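Start from the sequences and build out the full structure, keeping to the hints where you can.
Protein chains: 2
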Amino acid sequence: MSIDTNSPGRPRAVVLLSGGLDSATLLALAHERGFACHALSFSYGQRHGAETLAAAQVADALGAVELRVMNLAGLGDLGGSALTDRTIAVPEAPSAGIPVTYVPARNTVFLALALAWAEVLGARDLFIGVNAVDYSGYPDCRTGFIAAFERTANLATKAGVEGGQFHIHAPLIALGKADIVREGLRLGVDYALTVSCYQADPHGRACGRCDSCRLRAEGFRAAGVPDPTRYA
Amino acid sequence: MSIDTNSPGRPRAVVLLSGGLDSATLLALAHERGFACHALSFSYGQRHGAETLAAAQVADALGAVELRVMNLAGLGDLGGSALTDRTIAVPEAPSAGIPVTYVPARNTVFLALALAWAEVLGARDLFIGVNAVDYSGYPDCRTGFIAAFERTANLATKAGVEGGQFHIHAPLIALGKADIVREGLRLGVDYALTVSCYQADPHGRACGRCDSCRLRAEGFRAAGVPDPTRYA
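Here the protein sequences line up with chains Z and U, keeping their order.
One rule links them: number in the numbering used here = place in the first sequence (from 1) + 333.
One rule links them: number in the numbering used here = place in the second sequence (from 1) + 333.
Just so you know, the hints here were simulated from the structure itself, not pulled from any lab data.
Just so we're clear, the structure is a prediction, and the values are computed from it rather than from any experiment.
Among the clues, some could well be false.
[To be verified] With a cut-off of at most 20 Å between alpha-carbon atoms, the simulated SDA-like pairs for lysine to any residue come out as follows: (1) Z:491 x Z:453; (2) U:491 x Z:432; (3) U:491 x Z:429.
Below, the structure written as structure tokens:
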């Protein structure tokens, strides 16, 4: 396991960071658990760049060693989701089943690239902010998927073969949104920096109507704390 | 399962195509098995562009419906391999263990993106030309890895949840290089179009000294057929 020279005594971890509420809380948790956090964001043609700006501010505020923003336009170019295909509208009312905001195989792709970076860094710990309770019905946010990916990672890699086991940490997976908010506030996360909206405007202001906005607002309400979200 | 409108009666498959000997044989096999083949290549900072040109010629010659070349420079930028980091020399003699040409988590990343495309296309079949016999010791070329990825894919995706099972086909995995050559010749593959060399020159001419060149040349010799490789 590599120790970060900028953070002596801390083992390295790769933390997937979108700049939203969940992943900001995740980064704060990984830092609290003693890791030198290397944050990874992707630019994949999602509807707004405000997400990437938020990720940079969050990474800075929560003590990440660095933030890498990887261009993954090829994933967005495949389409198949309201987040990457402008001809598919972002829904503003709850729907049954897996919603059209699902991006095909997104978390598999994100974890695969996080794994590649972890192997180069000598990190054995990956953090992902998936959440199976107050979530939008995405299959790649479930415990079974995370366990299967971890097993794959340990078969796929030089590090895995040589005995260094990878761990995929998904500490938010069993928490409700209100619990996540409380945990983040305890850790000092400034949620005003984060952007969760699927269709935020260029200034990062939220629509207040999409699935992601609804779940987030309900989280603040249920936690009994003011909602610092900037709405358009 | 989606049927390709350009290839009536044929179910779609995504075929990972590097432009080398193995993946050309793979594409010919997938086509023989009745699939409408959507070939996928990656530009990830590997040492030469001749590979991508070879992939285009092979896709055309072997009846692929289309070739998509996805920019994945972010994977190469991570470094950690002689194929993507020019400060690490490509070895020209066999080495013990996993060689420095191993690209961290490469096949996991490639399969994840192939899975994303398959889901958008409505394909349930993915083909990868990994080979566990005359191979270079890469962990992500083994049967256990392929099985683990297939399981992950079926947990990760909307298609998997809704009952359409993905199959990861690795038909070359148990074949020696000579067997692969014989199979390709039976299928009419023109190996003169393919480039396997880790450090081919800009015209696609092979070095004849790297691991990949050695395995390829031994394959032609053992199969008892002329080696059509263009050497520098």
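Would the pair residue 491 (chain U) and residue 429 (chain Z) pass a check requiring their Cα atoms to be no farther apart than 20 Å? With a Cα-Cα distance of about 13 Å, the restraint between residue 491 (chain U) and residue 429 (chain Z) holds, given a limit of 20 Å.
Assess, step by step, whether the Cα of residue 491 (chain U) is no farther than 20 Å from the Cα of residue 432 (chain Z), and give holds or violated. Answer holds: residue 491 (chain U) to residue 432 (chain Z) is near 10 Å, not above 20 Å.
Under the criterion that the straight-line Cα-Cα distance not exceed 20 Å, is the pair residue 491 (chain Z), residue 453 (chain Z) satisfied? It holds: about 10 Å lies between the C-alpha atoms, which stays within 20 Å.
Violated hints: none; the structure is consistent with every hint.
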